[in-house]
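Novice: Now for the letters of each chain:
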Amino acid sequence: MSALLTIRGLATHFPTQLGLVKAVDGVDLDVMPGECLGVVGESGSGKSVTFLSVLGLVRAPGRVVAGSIRFDGQELAGPDPRAARALRGRAIAVTLQDAGTALNPSMTVGNQILESLGAHDPGPSAADRRRRALDMLRLVGIPEPETRFEDFPHQFSGGMRQRVMLAIALACRPRLLIADEPTSALDVTIQAQVLDLLAELRARLGMTVVLITHDLGVVAEHCDRVAVMYAGQVVECGPTRQVIDLPSHPYTRGLLDSTPDLSRLDRKLRPIEGQVPELIALGAHCRFRDRCGLAEPRCDSAVAMRAVDEGHSARCVRAGEDQRSVRAGETP
Amino acid sequence: MRFGVVLERLAQLIPVLFGVCLVVFLMVTLTPGDPVEIMLGNERSTPEQAEELRRQMGLHLPPHERFFAFIGNAVTGDFGRSFFHRRPVIEVIAERLPATLELTIVAMTIALGLAIPLGILAALKRGSWLDRVATMVSLAGVSMPGFWFGIMLIMLFAVHLGWMPVSGRVDYALEVPRLTGMILFDSLAHGRFDTFRDALHHILMPALTLGLAMSALLMRVTRASMIEVLQQDYILFAEAKGIGRARLILRHGLRNALIPTVTVAALETGYLLGGNTIVETVFGWPGLARVIVEGIFSRDYPLVQAGVLVIALIYVGVNFVADLLYTLINPRVKL
Ligand SMILES: Nc1ncnc2c1ncn2[C@@H]1O[C@H](COP(=O)(O)OP(=O)(O)O)[C@@H](O)[C@H]1O
Ligand SMILES: [Mg+2]
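Chains as they are written, first to last, in this note's numbering: chain A, 1144 to 1475; chain B, 27 to 361.
Quick caveat, the hints were computed from the structure, so don't treat them as lab data. Note that CB positions come from ideal geometry on N, CA and C, so glycine has one too. Warning: the hint list may mix true and false statements.
What the hints assert, rightly or not - To list a few chain A residues with every Cβ distance to chain B over 10 Å, as calculated:
(1) 1161
(2) 1269
(3) 1272
What the hints assert, rightly or not - Derived list of chain A stretches under chain B, where covered just means 3 residues or more per stretch with a C-beta under 8 Å from a C-beta of chain B:
(4) 1242 to 1250
(5) 1348 to 1354
(6) 1387 to 1401
Chain B on its own, in the form it takes in the complex (with noise of 0.2 Å):
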């Protein structure tokens, strides 16, 4: 791909996150409550206190103000300090960033994992039993919500069984160098097995709720592009060729049939980079969604809108990439 064309989609990117700086501006502005109150809580505090208090935090100004001083800052890379947590709120974000990116991957992982094999053996077999099972199986994996779904893993195998714990992402006794923040991956690196079990331990549940969720629409997506695939005549001749059907399947089916797999896997990574509120609180998982609702509830504005604008500029970055992926894998396309 041409360098220019790489910086004419990074300036188309400029109006859209101006856009979303200006939602998440106006929403969290016009959400009732006063954070000065909630910081306050129930001490005793004189008006003054709370006045000075507003003052340190810029609420003084009128809104306009606010939002042109937001943006001045975001553009410099200052997103400001967390009225909760009282440290710049980049810090809080790329603490918890690594929590949603670990169970991204396992989830994303766990998705392709099932959907690709059992898209492909639902094309092939199509019709049979195995097709009906897998069909019924992902339609209700589409229509399953997922904290429901995530509440009964958690009652059979925590509550009712015990083999799984039921929040967290390890256990506290167990905590390794901080290396990338994904305690997977970190635990490996100092070779700390018993860390890495019990890290999979912790993701398995909540990894599993996600990646069945995707992993439905991800086989559906599979086994329709795979049928239609099969039916082209470049499969025909390949076959006529005299090659395995191994080959065949692997290299001239599958190979063309991922094209609309890949774009819908590439918008679920997105989707899934920016945290899954409901997967996350149900699991007590410590990433992204869950800090930004915390945010919510005690009206930290600056965490909440430089959390949103996180997650935006993740999904377009994950887009771009998708954009990239998509060239390399169906050669006429061009960006």
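Next comes chain A alone, as it looks inside the complex (with noise of 0.2 Å):
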């Protein structure tokens, strides 16, 4: 099966008065027709960055500097600022972390939703489109949609304003939902409301997913596949399953250690010691070389990606030759 989504070599660069923020350097990943991918990494790993950039909105200064974006066989990071414009919001559409913010707070929702459909697909009459915003919002599970219709967004709670966010998002059917932290600023509870109605709609309307998180339980749950971020580059990528119960990359076995377990509260938390480093001027070497408890000789000219099963590679001189010393400092 060929990939949906194909990125290569993509590197983003924001030149600040600091120097160059390598935000996004070296990036490869593949999405899966139909799959739900997690993409996970502390905050400033690149998450946001690399997929504005297959948007085409990564904000000046900022810049997508070398590697391919390929949509369903379409090149959209060559020089044509157009490729990515037509995709945006029809095939590919984004919804934000926080709704509260990405909202219009002029507008009211519905027209809103009534923008993106009349932008891309507006059908046979204003009626017509109309009807459609309604069923967005009812789909989404918005309750009374035609009183809510007039509403601006201050006048719904978190959680419905990213109900809200998904209905725009999503009015005109796109094929690749990119869903960047769609529950970091909500609360416990109103979360796994949220990420159900994600993995609802993802069936209904036979979507591709890319879900942006910090939180791998919530991966664990919901992705089919995942790709671990550190530092601008993707240090490992596989099968949910694979990755969590083999992890291959320090970086995600810190991240496992990291993440706490309600079956296993007997476990002590460890978190990742250090910072991540800054995105100016970084070495060959390995990224997490620094942070990394088993760091050798080997880890200080650059690493590529290793492959350590079929579909499941990882950016470890260790990976795939010695798995019982990557995992050595796995707590009993």
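Hints given; two lone chains; assemble the complex.
Specialist: Right, dumping it as structure tokens:
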């Protein structure tokens, strides 16, 4: 099966006063049709910038400086920005982390849905668009859509706003939805509702979903495959079960060790020591070297992705050669 | 907005207006100079005649009685008679108000017409030469004294080049029947395009003097607010919907960025409607501010008191309307 979205060697840099921030630096990713791909990593690891690059929405002075982004065979990272523009909202949609700031405060939610429809799928009449917009509100579970249609975003609760944002994003039935941290801004009780809704919509609309999160628990429950990002690179990628059962990069191991597990309360959480490196003036060495308990001389030169298993690879010199040594830090 | 809120707002105005009346009354009363002497001027008159005039004008009463008489009459809509014009002051003011109103409308149109497009462009092309030029011009506009700019305009376009009339509202030969008192409007209503052209010619320089000064601040406000709005998440989200660039900038950007601009524009309009003493004087514009200045020189107490009260009323009125407008463009605010 060929991928719906293929990212190769993507590099997105931001010139700043302190120097060139290499927010995304050589990312390779495949998103298969129909799957839910989880993208995890600490905040600042380049998850959002990677997918804003896909949409052609990196803000100046930031720029995609290298790489290829192919959606359904079509190149989006080429010199013509119209390629990405033509797909935005129609074939590829996005939801942002905080619906409280992502919705236009001076526009009714009804009009914000109608606007998406008007841009890509006007249909025969205004009445028809209105009916479809109401259907969207109903689909995402907004009670009394007819009355809420004329309401402004601030008149909704946080969870309802997240649903409204989904309704807007999905209005034109995109093939790919990029959900950027859909639950990070929500109360824990609401988080599960929104994730369940996302899963239900994915099944009903047959969408492919990229679920960006920093919560491995969410990935374990909802994603078929997972890509772990660290300091602007993908450091491990594979089927969710395999990556969780057999983490092949010390960073993934560290993420797992610092994720609470209610079924193993006796287990001690172990946060990863140190901090994400500055994305300016990074050396060629493994980016996790300075935080890694297993660092060795080989880590001083550049490390490529190495296959661990069928469809599972990691950016570690030990990956695939000696599993026990990577997992040496495992808590008994 | 609820009716009760409107009433409450109006009730809040009473102490404000009372305060304005008191301050104006004190200032007028404490200004040295006797209106009777000024009115009689060089004419030979006996002390008896002067005393008689003083009695007619109510000036024989002690100040506090005069103040309460003024308030009492004002409440019933009677602002007294002008000493100088010898007719009800309200008539004099009503005659002059349209000139100021007309100047305000044209000046504000110029100001907004320049400020909003330039503010948007400067925000979109931040750091470009266009942004730098616009910022410099607006800095000059804010700091340039209006009378100096007005005089420069007159010297260049009226005196030197002879393209523009030096002063007044319209050529006297061209008076049109009075409808609203705003000559531009009245001449159009009567189909008098010659008068319209002439009035436009007259109003251009004073309106430009006021408008450029106003547009400077408005442009800076629009630019700053547009820059802030364009960084918001909702702009990114709207762009991700794949809508056109014009719609993105106007409907999502400008619509939200205009909220502070409207607030400043309303304050400036209130200020302009009070009449600009310097501009009305430099351009011989027979508006509200000029009539008050004339009233001060002739110690025309009733005229000055009523004139200032009208300005205060206009100012609070405009701000009230601005608040209403604000709730319209910013759905998050409820009065
Ligand atoms: N406009 C920008 N200017 C400079 N640096 C930026 C900008 N946007 C993002 N970055 C940098 O890119 C890195 C990755 O950001 P992001 O993709 O938002 O992280 P994530 O979504 O994984 O939390 C961050 O370290 C951040 O400093
Ligand atoms: Mg992010």
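Novice: Residue 1161/A: least C-beta distance to chain B exceeds 10 Å?
Specialist: Label holds. Min Cβ-Cβ 18 Å, cutoff 10 Å.
Novice: Please count how many residues of the region 1387 to 1401 of chain A have a CB within 8 Å of a CB from chain B and say whether that reaches 3.
Specialist: violated (count 0)
Novice: Apply the coverage criterion to the region 1348 to 1354 of chain A and chain B: a residue qualifies when its Cβ sits closer than 8 Å to a Cβ of the chain, and three qualifying residues are needed.
Specialist: This one is violated; 0 residues, fewer than the three required, reach chain B with a Cβ under 8 Å.
Novice: So residue 1272/A supposedly isn't at the interface. Is its beta-carbon more than 10 Å from every beta-carbon in chain B?
Specialist: holds (14 Å)
Novice: Does the region 1242 to 1250 of chain A contain three or more residues whose Cβ lies closer than 8 Å to a Cβ of chain B?
Specialist: Result for this restraint: holds, n = 7.
Novice: Does the no-contact call for residue 1269/A survive, Cβ to all of chain B over 10 Å?
Specialist: holds (17 Å)
When the structure is compared with the earlier hints, violations turn up for hints 5, 6 and for no others.
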